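Spelled out, the chains give:
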Amino acid sequence: GAVVSQHPSRVICKSGTSVKIECRSLDFQATTMFWYRQFPKQSLMLMATSNEGSKATYEQGVEKDKFLINHASLTLSTLTVTSAHPEDSSFYICSARDQSKRVLGDTQYFGPGTRLTVL
Amino acid sequence: GNSVTQMEGPVTLSEEAFLTINCTYTATGYPSLFWYVQYPGEGLQLLLKATKADDKGSNKGFEATYRKETTSFHLEKGSVQVSDSAVYFCALTISNFGNEKLTFGTGTRLTIIP
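Quick note, the sequences are listed as chains V and P, same order.
Under this note's numbering, think of the first position of the first sequence as 1, with each following residue one higher.
Under this note's numbering, think of the first position of the second sequence as 1001, with each following residue one higher.
Here chain V stands alone, though its shape is the one from the complex (with noise of 0.2 Å):
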C-alpha cells in the first residue's frame, strides 16, 4: 500500500530555535498534503492544506508565519517550525494525497508523526 514517511519521528530543541519536519510520498505523487498537529488526549487538528507548487492554506487561529510550509515537489512538503516555544511542543502528523485516486476518504494516506519537544 501507498507509503507516507515522515522524518525526524522525534525531536527535542532548545526554544527559540527553528525546527524543520519533512513528509514525502514513497511511492505515490501528491499535489495535496495535509498537516495535522494532536495534543494529548485531544483530536488531530487540521492545521493547513499544502499544494504543490503554490501557497498552503492555513486554517484559522494557525500563524503562517509560524509554520512555514513548502511543497517543493510532488512527493515532499516541509513544515518548518520557526522560533520554536514550549507551548509548540506537540505531535505533528502528515498526510499526502494520491491524486491518482478516485475514491472518496481512500485518498489520503497518513505519515507516523513527529514528537516535537521544546525545552
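By construction, these hints were calculated from the structure, which means they are not laboratory data.
Computed from a predicted model, the values in this text were never measured in an experiment.
Just so it is clear, CB atoms sit at the ideal spot from N, CA and C, and this is done for glycine as well.
Hints should not be assumed to be uniformly reliable.
[What the hints assert, rightly or not] Computed spacing ranges between beta-carbons, pair by pair:
(1) 1056(P) / 15(V): 48 to 58 Å
(2) 83(V) / 1082(P): 42 to 52 Å
(3) 1045(P) / 20(V): 38 to 48 Å
(4) 60(V) / 1030(P): 20 to 30 Å
(5) 1094(P) / 29(V): 41 to 51 Å
(6) 7(V) / 1010(P): 22 to 32 Å
(7) 1041(P) / 86(V): 21 to 31 Å
(8) 1079(P) / 82(V): 48 to 58 Å
[Said to hold, decoys possible] In silico contact screen, one side only, chain P against chain V (beta carbon under 8 Å); selected entries:
(9) 1101
(10) 1104
(11) 1107
The hints should help you fit chain P onto chain V, whose structure is shown.
Coordinates of chain P only, in the frame set by chain V:
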C-alpha cells in the same frame, strides 16, 4: 461547525470479547464517515467508511453503520484479537474531491489482553 465525539479511552478487553467504540457527530451538510486505525509506530490507516445513511462499512471483522437519525457511527467487532490493539479515530468529511478536509475525534486507545 463540524465535530466528532467518540468515547474516551483507554479501553481494555480480553481476547475474543465484543467491542463497541461509540462515535457521534455534528455536521453542516451531509457528511461521509470514517474509522481510522493507528497501530504503534505507524501512520493512520483507513479502516472503513460509509458515505450515506444506513450504509454499513466493514473491514477486518469491524463494522460501523451510518445512522443519520442518531448522528452516530459506532464501531463494533464481535471477537477482538490481540493484534487489534491500536488507537481508533472516528472522522468525517463533507468536502468534495480535491480537498478532503477531515474532522477527527479524539481517538480511543484499545488494548486487548490475551
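A quick look at each hint next to the structure:
no.	hint	in the structure
1	1056(P) / 15(V): 48 to 58 Å	50 Å, holds
2	83(V) / 1082(P): 42 to 52 Å	44 Å, holds
3	1045(P) / 20(V): 38 to 48 Å	26 Å, violated
4	60(V) / 1030(P): 20 to 30 Å	23 Å, holds
5	1094(P) / 29(V): 41 to 51 Å	26 Å, violated
6	7(V) / 1010(P): 22 to 32 Å	29 Å, holds
7	1041(P) / 86(V): 21 to 31 Å	25 Å, holds
8	1079(P) / 82(V): 48 to 58 Å	49 Å, holds
9	1101	6 Å, holds
10	1104	4 Å, holds
11	1107	7 Å, holds
Violated hints for the displayed structure, listed by number in ascending order: 3 and 5.
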